[in-house]
Amino acid sequence: MFYKDYIRVLNINLSTGRIRVDKRKDLRAYLGGVGVASKLLQENMNPDLPPLHEDQPIIFAIGAASSVFPVITKTVAMFVSPLTGELGESYAGGRLAFTMLHAGYDAIVITGKSQKPCYVTVTQTGVEIKDARAFWGMDSDKVGSYIRNREHGSGKRSIIRIGPAGENLCSYASVCVDTYRHFGRLGLGAVFGSKLMKAMQVTGDLPMPIPNFKDYFKTYSKLYKQVTETEVMAKYHDAGTPINVEPLSAMGGLPTRNLTSGTFEHAENISGEAFAKNNLIRKMACTGCPVGCIHIGQFRREFDHGYEYEAISVGYDYELIYALGSFLGVDNTDGVLYVIDAVERNGLDAMSCGVVLGWACEALERGIITEEQTILPLKMGDYVNLAKAVDYIAQGVNQLYTDMGKGVKHVAKKYGGYDFGMQIAGNEMPGYHTGYGSLVGALVGARHSHLCNAGYSYDQSNRDKELDKEKLVDYLISEEIERCLLNSLIICLFARKVYSRENIRMVLKCVGLDYTDETLTDIAKRILRTKLEIKKSLGFAIQDVKLPKRFFETPTTTGKLDQYMANEIAEEYARRCEEILAEEDESIKEFV
Amino acid sequence: MVITVELFHTLKKYNKERFKDDENSFELSIDGRDEILLDELVSLLNIPDEEVGFATINSVKHNWNDPIKDGDRIKIFPVIIAG
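Protein sequence lines correspond, in order, to chains R and Z.
So for the first sequence, this note's numbering puts the first residue at 1; every next one is plus one.
So for the second sequence, this note's numbering puts the first residue at 1; every next one is plus one.
One or more of the hints may lead you astray.
Lysine to any residue pairs mimicking SDA-like chemistry, simulated, CA-CA at most 20 Å apart [stated by the list, open to error]:
(1) Z:K12 with R:D238
(2) R:K465 with Z:K12
(3) R:K560 with Z:V60
The set of hints was computed from the structure by calculation and includes no laboratory data.
Based on the sequences and whatever the hints tell you, model everything.
In structure tokens form, the structure reads like this:
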């Protein structure tokens with residue numbers, strides 16, 4: 001909490017209904033956000049049990065300066081991932097961080113399993129576990145609106161919920177946060193489902209007095225100016241990340257048709273500009289963000305043949321356009337939004353879902369699976385049938401679709417086509433086929449995401465240069481460490497260039513934490529060490545990862561990659577991780 | 001020589017006066033030259049280096065020291081953004 005020397009943790013046990021609040025001074029050594037959440041995950045998880053066992057926890061955490069400075073808007077969720085079987089880490093914006101702050105909790109730990117479908121309401125005065133049997137089976141948008149009408153607390157509240165995919169324990173089910181944001185990756189939705197928890201509402205009204213308002217206002221104004229007046233953030237507001245579609249395609253780095261190519265001949269038709277022209281209706285912001293990068297697009301859908309049309313609004317972003325557009329050969333903006341809507345309703349991760357469907361289209365074409373199994377004549381570009389297949393995955397309508405709901409690694413291992421099931425350590429690939437940076441970065445990254453260490457960015461900056469293995473490993477590991485710090489505050493990574501070390505120290509000083517650069521680096525390393533320990537305890541080893549061959553067949557923006565070289569870089573990174581794990585953590589004593 | 005230049009997204013603002021209404025590209029005449037290098041063109045258009053991601057000549061990606069000839073169509077893209 002601000003100006004306090006402890007982290008306030010709310011513990012909810014769904015099996016017993018017991019609620020406990022802890023004030024943990026020792027957790028200050030992890031600053032907040034991903035640091036605190038990692039430590040709480042390590043304390044509460046059981047590495048010997050499966051990810052969806054009721055004794056496995058869900059952790060939510062916010063940072064030391066959440067919501068009171070611009071663009072510090074996110075909440076982290078940590079869990080044991082049902083998709084990869086190891087570290088589950090996912091971030092979402094919306095209003096959740098703001099409401100947790102005003103409810104007075106730095107972290108929430110949920111354990112156990114409800115006896116019947118439930119939803120949880122959290123306020124500053126208590127927690128209630130309520131009957132959700134009437135909501136079970138509902139789409140994630142519908143359940144949000146029902147809870148909104150049924151519960152008090154308009155304004156300062158956040159409603160997070162799952163759709164049918166989470167209920168049916170689909171391994172990459174997401175959790176929808178306030179309609180347009182998500183804990184998307186690695187299957188938090190399934191962990192909700194395994195606990196029979198449909199939703200959680202957090203409401204908060206606690207005042208947050210700021211003792212030294214003058215300093216706070218000065219710091220806030222400086223950061224606000226940087227965020228709103230510099231070029232850095234304008235891009236995110238204007239066209240948003242969809243502006244990547246065309247350049248990546250032209251460079252050969254846009255995963256297309258199950259990564260058979262890095263160039264999509266219809267990229268122009270699904271570019272940021274095409275969406276802005278055809279579909280964009282509004283832009284929104286997470287609470288505490290002056291930028292507004294959430295782009296909402298609208299399309300028309302016929303209720304049924306010969307009937308009227310309804311207007312559907314969905315959020316779109318680069319990753320969604322890649323996974324449900326170019327990766328599936330969908331060549332128009334309405335078609336992409338049509339599939340995004342199916343993914344939203346069912347509560348799935350868009351990237352994983354797109355990659356699984358990409359495998360299915362190719363596997364059917366090659367005769368590895370049959371149309372009897374797919375029920376539909378699944379093929380690239382046919383967005384209506386692809387959207388139907390999304391429903392089938394979420395519902396697990398037959399054995400194939402149930403297996404597709406376990407992720408592309410699972411399904412490709414079982415049916416065949418491992419070499420074109422595009423996953424990295426069990427997580428479906430991100431939308432950057434740019435070089436060793438993006439591929440090895442996702443492989444070695446703690447959560448196998450492009451956001452762990454931004455390897456794509458290294459590829460872009462070093463595109464015309466000879467590969468320097470050492471330099472790449474240095475970059476990946478230092479970026480991973482620095483992002484542990486940013487994610488312990490949970491700054492939206494779009495603003496990472498605004499939040500330099502100098503600015504971070506200024507912000508922390510305003511909330512009563514006067515840390516040196518050295519202390520911050522120690523904290524960041526401590527967080528990475530904790531994550532690496534968790535991964536190790538869950539059986540993950542970089543050396544065990546077998547990448548699908550297609551990564552090495554389809555040229556990237558920097559040319560074709562060599563499997564042995566990728567392994568060498570990954571092994572060097574693994575060696576550096578062992579060094580970090582072996583380091584003595586002397587400075588933790590300052591916090592005990 | 002005369003070439004066609006297409007600037008994407010945020011790069012447009014550096015050459016606002018060259019664009020006609022509703023057009024994404026403009027023609028550029030460069031007197032007294034038979035060819036010009038890609039990075040020379042970027043400087044000529046007053047686009048800061050750090051904002052340029054890459055460029056294509058006639059839809060094929062090229063290095064900065066590759067030459068542009070009369071009649072070529074050049075696309076210049078900003079750097080990739082993500083979290």
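Outcome of the hint check:
| no. | hint | verdict |
| --- | --- | --- |
| 1 | Z:K12 with R:D238 | 13 Å, holds |
| 2 | R:K465 with Z:K12 | 28 Å, violated |
| 3 | R:K560 with Z:V60 | 17 Å, holds |
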